[in-house]
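Novice: Please arrange chain B on chain A, whose structure you already have, making use of the hints.
Keeping their order, the protein sequence lines are chains A and B. Our numbering numbers the first residue of the first sequence as 1 and each following residue consecutively. Our numbering numbers the first residue of the second sequence as 1001 and each following residue consecutively.
Careful: at least some of the hints might be erroneous.
[Said to hold, decoys possible] Within a straight-line C-alpha distance of at most 30 Å, the following computed DSS-like cross-link-like pairs (lysine-lysine) qualify:
hint, chain 1, residue 1, chain 2, residue 2
1, B, K1064, A, K13
2, A, K175, B, K1085
3, A, K117, A, K54
4, A, K79, A, K54
5, A, K50, B, K1085
6, A, K47, B, K1085
Keep in mind that the hints were calculated from the coordinates and are not lab data.
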Amino acid sequence: MLGAQRGDRDAFKTLFERYHRRAYALAFGVVRHQDDAMDVVQDAFIKAHKYLDKFEGNASFYTWLYRIVMNLAIDHLRKHRRVKPVELDETRFENDGDDPLLPRILGGNPGRALLDKQIRGRIDQALDELSENHRSVLVMRELEGLSYEDMAQAMSCSKGTIMSRLFHARRNMQKRLLDLIDNPSAELVDDLTGGRVGDADDTPANDEAPSQRTPAARSRP
Amino acid sequence: MSEPADARSDLALMEYADGEIDGQIDGQPGGQPDGQINEETADAVVAARLARDPDARVKVAAIKQIGELVRGHLELSADAVHDAKFAAMWRRIDDQLEQPATGLWARVSRWFDRYRGHVITGAVSAGAVAALALILRPSTPDPGIPGRNAAAIDVRPVALRATPEIDSLDTPGGSSTVINLDDEDGHTTVIWLTPADTVEGI
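Okay, chain A solo, but in the shape it has when bound:
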């Protein structure tokens, strides 16, 4: 980091190599389009380099970078908004229409579930169908583990609004995924219940492609 701040190009490239995919995952989760996410990540690294001298090192480089990525991703959504999302009532929970969470889970092993194309397709679909605000909060929380307070700052809204958005986002995700397993294909049943379900180390062998590894088997930096 210090090397990059001193203008060492190789040091900055090292930062890029370390964090570009993670930054991409965040951008993709928010903007939901591969090329747009690539543009956001590229702009984020350029901006990060431009303001490296402003980085004081109080937080990790990635914490600083993800804020840049998040801001650019949200800006991108605002500039390229195609359909105005319909927000649910975000501040009131007393309404009769506010459904609780369903007391059901998807299956035994989320890592194995992620190998199923139908489930991943349904996650994609559910993310697409969330409003931009709900999706942004969900991605910040699940991918980066941001606190409610940090998300409220990032999105310039109250903590209560963040909690409401996160709750609705999760509930909608749950409903869509449960819809899928209520009418499962044979392949899905096999993926969810067969083989070594429940075994945390049951990911396929190391010789598989990186895109086929289950995230449960990986550690995050």
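Specialist: Only chain B this time, still in chain A's reference frame:
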């Protein structure tokens, strides 16, 4: 035995699952149906509910599972992008990092590099317009501004510099006629002499 649940009570489960429970929302009692504001008490209320309500336990598990699915799905999506795309991205980033990052001159240089083609095209166009203006400008000099002719030296003989004037014409034994003509070519004087012995008509 499960308890009746609504979104508000499930919100407390979500806070619990996220490790965020503090009994308040934006400084007001919240997250708890009975308005608990103490973090420890709020946490105890949720823990008690979890102990007696199996549905609540499943909901907390569902919240965590959704988190794992979303995170895993996005990480796999990122892994699926080919390395070559990120390599190309780095080249584009690297190209833009060529210029120094600070200073007015650096910003001007970056701007110029970015719009170099436009600037050169503009400069060439401006030069061409200026050249045309010089070529096509009117030849009449502006009044009060010394022109090219003002500095020129008149090399004609003195006799030719002004229109000749005939003060007297002596024609002994004959007659003479002086004709002065002024037209666009200048001034012309014709002297016509007629001898005395000339017989008109021969």
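Novice: Would you mind marking each hint as holding or not holding in the structure?
Specialist: Results for each hint:
Simply put, B/K1064 and A/K13 have alpha-carbon atoms about 35 Å apart, too far for the 30 Å limit, and the pair is violated. Using a Cα cut-off of 30 Å, the hinted pair A/K175 and B/K1085 is violated, with the two alpha carbons roughly 35 Å apart. Restraint check: the Cα-Cα separation between A/K117 and A/K54 comes to about 43 Å, which exceeds 30 Å; the hinted pair is violated. Restraint check for A/K79 and A/K54: satisfied, since their Cα atoms lie roughly 27 Å apart, inside the 30 Å limit.
With a CA separation close to 22 Å, the supplied pair A/K50 and B/K1085 stays within the 30 Å bound. For the hint pairing A/K47 with B/K1085, the CA-to-CA distance comes to about 19 Å; that is within 30 Å, so the pair holds.
The structure does not agree with the numbered hints 1, 2, 3 stated previously, though it agrees with the rest.
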